[in-house]
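From just these sequences and the hints, can you work out the full model?
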Amino acid sequence: MSGIGHELHGWMKDLFPIPRSLTGPGVRETLAYLKRILPDLAVHSVSSGTEAFDWIVPDEWTLRAAYMENSEGERIVDVARHTLHVVGYSTPVDRIMTLAELQPHLHSLPEQPDAIPYVTSYYSPRWGFCLSDRQRQSLRDGTYRVVIDSTLAPGIMNYGEVLIPGESPQEVLLSTYICHPSMANNELSGPVVTAALGRWLKQLPNRRLSYRLLFLPETLGAIVYLSRHLEALRRDVVAGFIMTCIGDERAWSFLPSRRGDTLADRVALHVLNRRVGGFNRYSFLDRGSDERQYCSPGVDLPVVSIMRSKYGTYPEYHTSLDDLSLVTPTGLQQSFELFQSCLATLEANRRYRARQSCEPQLGRRGLYPTLSQRGSAGSVRTMMNLLAYADGAQDLIAIADQIGADALDCAEIARRLVAASVLDEMA
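The sequence shown runs 39 to 465 under the numbering used here.
To be clear, the hints were calculated from the coordinates, so they are not data collected in a lab. As the structure is a prediction and not an experimental result, all values here were calculated from the model. There may be inaccurate statements among the hints.
Capping the alpha-carbon separation at 16 Å, the derived lysine to aspartate or glutamate pairs in EDC-like fashion look like this [claimed, not checked]:
id : residue 1 : residue 2
1  : Lys73     : Asp52
2  : Lys240    : Glu385
3  : Lys240    : Asp187
Now the structure itself:
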């Protein structure tokens, strides 16, 4: 899809100003936007107080305004200028305070003096403001009016889900999160690439596998979803991906499942090695997103993360510097195309068994070139190597890794060999 990166970047521009949190109107507005891209998106509601394993869905947070004014009435900080200026889930406040009284409620990053940090307090009632350290150091002694017009009350947590059915009930899971305010790579790159993949999957004339796309609040959303659907997921999911931090161009990164040897691990590493080359390979000990839930003991789903710059490793992470200039149309398109390759490889992955003992006579079937020319030897060698390992014991990805070939190239060769009655495709 030529130019899809620009379309995805446009979606991000639309979504960037929405004040998202764990719950509340921003999540619903985000899901409504995604539903225009994916009309089959079902939006679910979970009531405050609902238990999910060891967790409880908290009260819903609604923020209407948040600002700080000096004694002259000048607004020093205003959430209307940037959604990160308020601590997420802040309790309401309207007070006049001295600077000394205000300081414990202020958050900044001395090591990044121009960045507004992202701070939340979901389960401990408090309020606060976030601002750049440069701005914080410029505050003069005096009095300040602080206003946070918010409501914390029983309500709902929302999440979105799309099931794109295929011929098989076996599923590929794509899970992304929609709970962070204005951050581009860490938050919005995942939902927009996931939505674009969903649109592409819907357009495929044939799908062997089914695909489940989840748009959840991070951590709690995954926990709630697992508490409701664990047995079905364990039965049906054959591979899954956490979709996050896939919008920049700096690096490629891979974080494995807890087991490290699942089909998701194998397809991710195969595609990264064949299509990217160099990438940062992390351990499951470096986990930090929803793989913590999907791969936890008692759940143990085959879920991995392919990222560009991994969360927590780039300087703009969880700050206002993670903006629309950090992500690029090129980075988004490259990520979209890499995940396309992963899903296409999963679609093509089969087991094959040779029908003849010894090498088949390929020439009389039109499968062996009668004219030797540049390039012909390589394709013939791949065909012969594929035949040499087609004993039904290994799938196509394993054979491709063993013979040093691309699995999608092997799939096309296997299709021709099946058509020529040289290979049998196994269930």
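Is it true that the CA of lysine 240 sits at most 16 Å from the CA of glutamate 385? holds (14 Å)
Mind checking the alpha carbons of lysine 240 and aspartate 187 for me, to see if they're no more than 16 Å apart? Status violated; Cα separation ~42 Å.
Within 16 Å, alpha carbon to alpha carbon, are lysine 73 and aspartate 52? Since the Cα atoms of lysine 73 and aspartate 52 sit roughly 14 Å apart, the hinted pair holds (cutoff 16 Å).
This entry does not satisfy hint 3, going by the numbered hints stated previously; all others are met.
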